[in-house]
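Number of protein chains: 2
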Amino acid sequence: MKVGIIGLGLIGGSMAIDLKRKGFADEIIGTENDAVNAAAAEKMGLVDRVADFDECVDSADIVVVAVPVGAAVRMLPRILDRFATNNRRQVVIDVCSTKEQIVRSVHYHPLRPCYVPTHPMAGTEYSGPWAAMPGLFDGRACILCNTEESDPKAVHLVERLYDALNMRVIYMNASNHDVHTAYVSHISHITSFALALTVLDKEKDEKHIFDLASGGFSSTVRLAKSNADMWVPILSQNRDNVLQVIDTYIEKMKDFREAIDNYDEDGIRSLIEKANKIKRIIR
Amino acid sequence: MKVGIIGLGLIGGSMAIDLKRKGFADEIIGTENDAVNAAAAEKMGLVDRVADFDECVDSADIVVVAVPVGAAVRMLPRILDRFATNNRRQVVIDVCSTKEQIVRSVHYHPLRPCYVPTHPMAGTEYSGPWAAMPGLFDGRACILCNTEESDPKAVHLVERLYDALNMRVIYMNASNHDVHTAYVSHISHITSFALALTVLDKEKDEKHIFDLASGGFSSTVRLAKSNADMWVPILSQNRDNVLQVIDTYIEKMKDFREAIDNYDEDGIRSLIEKANKIKRIIR
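Chains as they are written, first to last, in our numbering: chain A, 1 to 283; chain B, 1 to 283.
Bear in mind the hints are in silico, worked out from the structure with no lab data behind them. There could be a bad hint or two in this list.
Where chains are identical, the list cannot tell them apart; a pair therefore holds if satisfied intra-copy or between any two copies.
As the list claims (entries may be wrong) - DSS-like, lysine-lysine: derived pairs with alpha carbons at most 30 Å apart:
id : residue 1 : residue 2
1  : 225       : 207
2  : 43        : 279
3  : 43        : 277
4  : 202       : 225
5  : 207       : 274
6  : 207       : 279
7  : 2         : 22
8  : 207       : 153
9  : 22        : 43
10 : 204       : 2
11 : 225       : 274
12 : 204       : 279
Can you build the whole structure from these sequences, using the hints too?
Shown next as structure tokens:
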């Protein structure tokens, strides 16, 4: 099996490592349009060879689009166009964090059945080929969207790919996917960004942040290191859902503000105890 | 050296483990007013013996008050009163997360010099004697407040105690301490509580939270497991500082909201890139 990976960053690179290691791929061809990242990925041996976009798409049995979702939306129709010319059975997946717009971008493409939208729920706050690591996907969930619009054989191949990465596959339609990820994933990035901005704004003396930051602050603000190239298109493509969650979140902040402002210790306690219920869900 | 620890939870218990292990304490006497926690601490061998409050205070050379700050404020004058009766050189420290009110509570006490206000910046989101662990304080910062109001010999003893725990000691006045901890520590707890409330409110189907929560969400929401008994008095005692930070934080959230609402990708990018500067400070 030849796997072509477009974008050799954290996700594409980590996939390359494990698909080779687990024996799913015989050969991995990568393409990366940032010259430094491409050279680093080649030097680190993340892929068997680095090629240009066309060669990568033409030679692969399965193409993985692992670039920010804005670029992915423009790239996907071009890939299906090339598949049409190549005239052999090929499959393409994307691994982006929002799904509605990318699915819509090829809805009427004659080769739509060759495409399977996926979202492996794994990552770190780091990016680039140097952030790639073995085992990143291990034991995590991967969402497959709108599989009824894909060729069942393509879906089956993609299930085997994620099985090689030891991921639990979940099926969801693209629009539900975007609602749920707004609530669980996208809002936690925004709250971290806002926390970093607040603290940087106020703590002019950076040494104090460093001294006073116990483990709690570091873990809460960790996602604020996340890459703008990845997050700008996610927040902008998932605009409506994200706006709704932000509004709910601001309401909750205001509930805290009001209880503290009114010296209402019972109110503060009741908010904290409700929040504690997250224990049932997150280990 | 006999150490008396009042409150055998995460902080008191972890201190007991390491003060004994590092040889700072020959004997550790603990007191704990929750019967289950007291029995557990005794059974786990966290302390050499569990005693009542009076015996613990009377027999110790140094008393550590490791209870929520509301209770600590009421307890501290009583401890200094007992010291006056005991009529020998004794020292008391507290380890609470807010400092202005507790310092004020004994400002005019004749034995004020026997008290050293401290705040070891370490913890986890868990509580109770079963959360105690060796090495919790290792390499972290510990703040000593208003040391000019304490007997220099008492300060020196406390410095030796934190040195045994391998903490870096920082000196700050109580009011600056409360401002800085509001910005770095207290706000991150509130943002986590609010995140948990938002997600629990919206994700009626809890399985989705579990499925979709990648490492990022878990780390951002981790502090939402924190104990109400500890956090209600912190937020209420540090009211004015906390309200200010909440207001700044809500402004930052609204900046994100506005940029997303206006399809302003440059604006979103600029906010994220400013937030990324936290990298310089947090490893």
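*Looking back at the numbered hints, which does the structure fail to meet, lowest number first?*
Of the numbered hints given earlier, the structure breaks just one, which is hint 10.
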